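Undergrad: As a plain string of letters, each chain reads:
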Amino acid sequence: MSATATATGAQILQAVTRYTGAQNPSAFLALNRGNHTFTLPRTDGVIVYRRTGRYAVQFAGPFAPEDTYVPLLEAFRAHLRSEGLSLVGVQLQHTDALAYARRGFTVNQIGASWALPLQEFTLRGTPFMQLRNKISRALRNGLQIQEADRPEQWHEALAAVDKAWLGAKGDHARELRFLVGERGGSAQAHRRLFVGTIEGQAVAYLSYSPVFGTRQGWLHDLSRRIPGGSPGLMEALNAHAIEVFRGEGARWLHFGFTPFTGLDTQTEIPGHSPAFQWLMHYLWEHGQALYPARTQLAYKHKWAAREMIPEYVAFDGPASLAAFVHIFRACNAL
Amino acid sequence: MEPSQEVSTQALQEALVEGLMRVVAQPDDTEAAREADEGLRALDAHLATTPPPD
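From first to last, the protein sequence lines are chains C and E. With this note's numbering, the residue at position 155 of the first sequence is 155, and numbering never jumps. With this note's numbering, the residue at position 16 of the second sequence is 16, and numbering never jumps.
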């Protein structure tokens, strides 16, 4: 079988909306610009990945129907071997993890994504008092929020927010990619963008991507604000968006994947590496310099996003630190 | 767990973290990668033969 190199954006979108068996809340990130795809002729489904060094870092499992999931995966493995590349998968869901383990991968939990059911959600009550106070401050400081009907009209203003945000992080700051949300491009038509302004100036924005499957809803996937200024900008934006989504009947708000979080012995897959498992727990305790997992999780828990969805890494062979590191490299975190 | 086994587990864990840091510093260094993965396998082999904590 010969592999085709590139699936179109439309093909990827079709795959992530149609093949939701794994229930991956971040599936829409498959449309990120810069992703490579692997497909087979006359075969439904697509595999999404990025190349870094001698590794192919696969995002999620194959977006494919049951009957082509394994053939696609095995063809991809063979293709990479013929190229002298090693496969590592990240953000696999539980059903993916079981499938990969059956195919001889070493699969470990690498973290979790977090979700908030929206039907009964309210910001009333003591647990949300600090959050309400922050939102109130932002609104008292003149924050106005609108959903951008024409996102392209905000491009320059939001690029300025991006520049200020990244600039405040210091000279060595790197803008993450691959496993994070994006703004713009052909996929923008499917996202929701909320912009906060003070005195007509854009000060923050929050972008959401659609989530398909049984936990249908929206993914809080890209947020930026100018440094300094009013507290509570992001909180106010998210609270506003939640009310819009609830009004539309959306059932879930997903906060996405954070590595090293939600680790649980009960969710490990048979055949996992106990050493790698220990390392993930160690990085939860001590790994802020590699990735600020605790800070990220604190934001998600602030919203009571406590529905924990375990996510997995899959090594084609024994667990490998080099493969693990290349996941972060593919994300431009290193 | 016997004290000597505890020391051994800790030593292997420390070596694993050091190996990870070396690979993070030089992701394309195949020697660092090989040593780090050997450290991972050594800890896996050790944990497979070590009784769980009381």
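A hint or two may mislead.
Cβ-to-Cβ under 7 Å is the rule here; a few derived chain E residues that face chain C [said to hold, decoys possible]: (1) 21; (2) 23; (3) 24; (4) 25; (5) 27; (6) 28; (7) 33; (8) 37; (9) 40; (10) 43; (11) 44; (12) 47.
To be clear, the hints were calculated from the coordinates, so they are not data collected in a lab. Remember, predicted model here, so these are calculated numbers, not experimental data. Glycine included, every Cβ here is placed at the ideal spot set by N, Cα and C.
Undergrad: Next step is simple, just say for each hint if it's right about the structure.
TA: For each hint, the structure was consulted:
{"no.": "1", "hint": "21", "in the structure": "9 Å, violated"}
{"no.": "2", "hint": "23", "in the structure": "5 Å, holds"}
{"no.": "3", "hint": "24", "in the structure": "6 Å, holds"}
{"no.": "4", "hint": "25", "in the structure": "9 Å, violated"}
{"no.": "5", "hint": "27", "in the structure": "5 Å, holds"}
{"no.": "6", "hint": "28", "in the structure": "5 Å, holds"}
{"no.": "7", "hint": "33", "in the structure": "4 Å, holds"}
{"no.": "8", "hint": "37", "in the structure": "5 Å, holds"}
{"no.": "9", "hint": "40", "in the structure": "5 Å, holds"}
{"no.": "10", "hint": "43", "in the structure": "4 Å, holds"}
{"no.": "11", "hint": "44", "in the structure": "4 Å, holds"}
{"no.": "12", "hint": "47", "in the structure": "4 Å, holds"}
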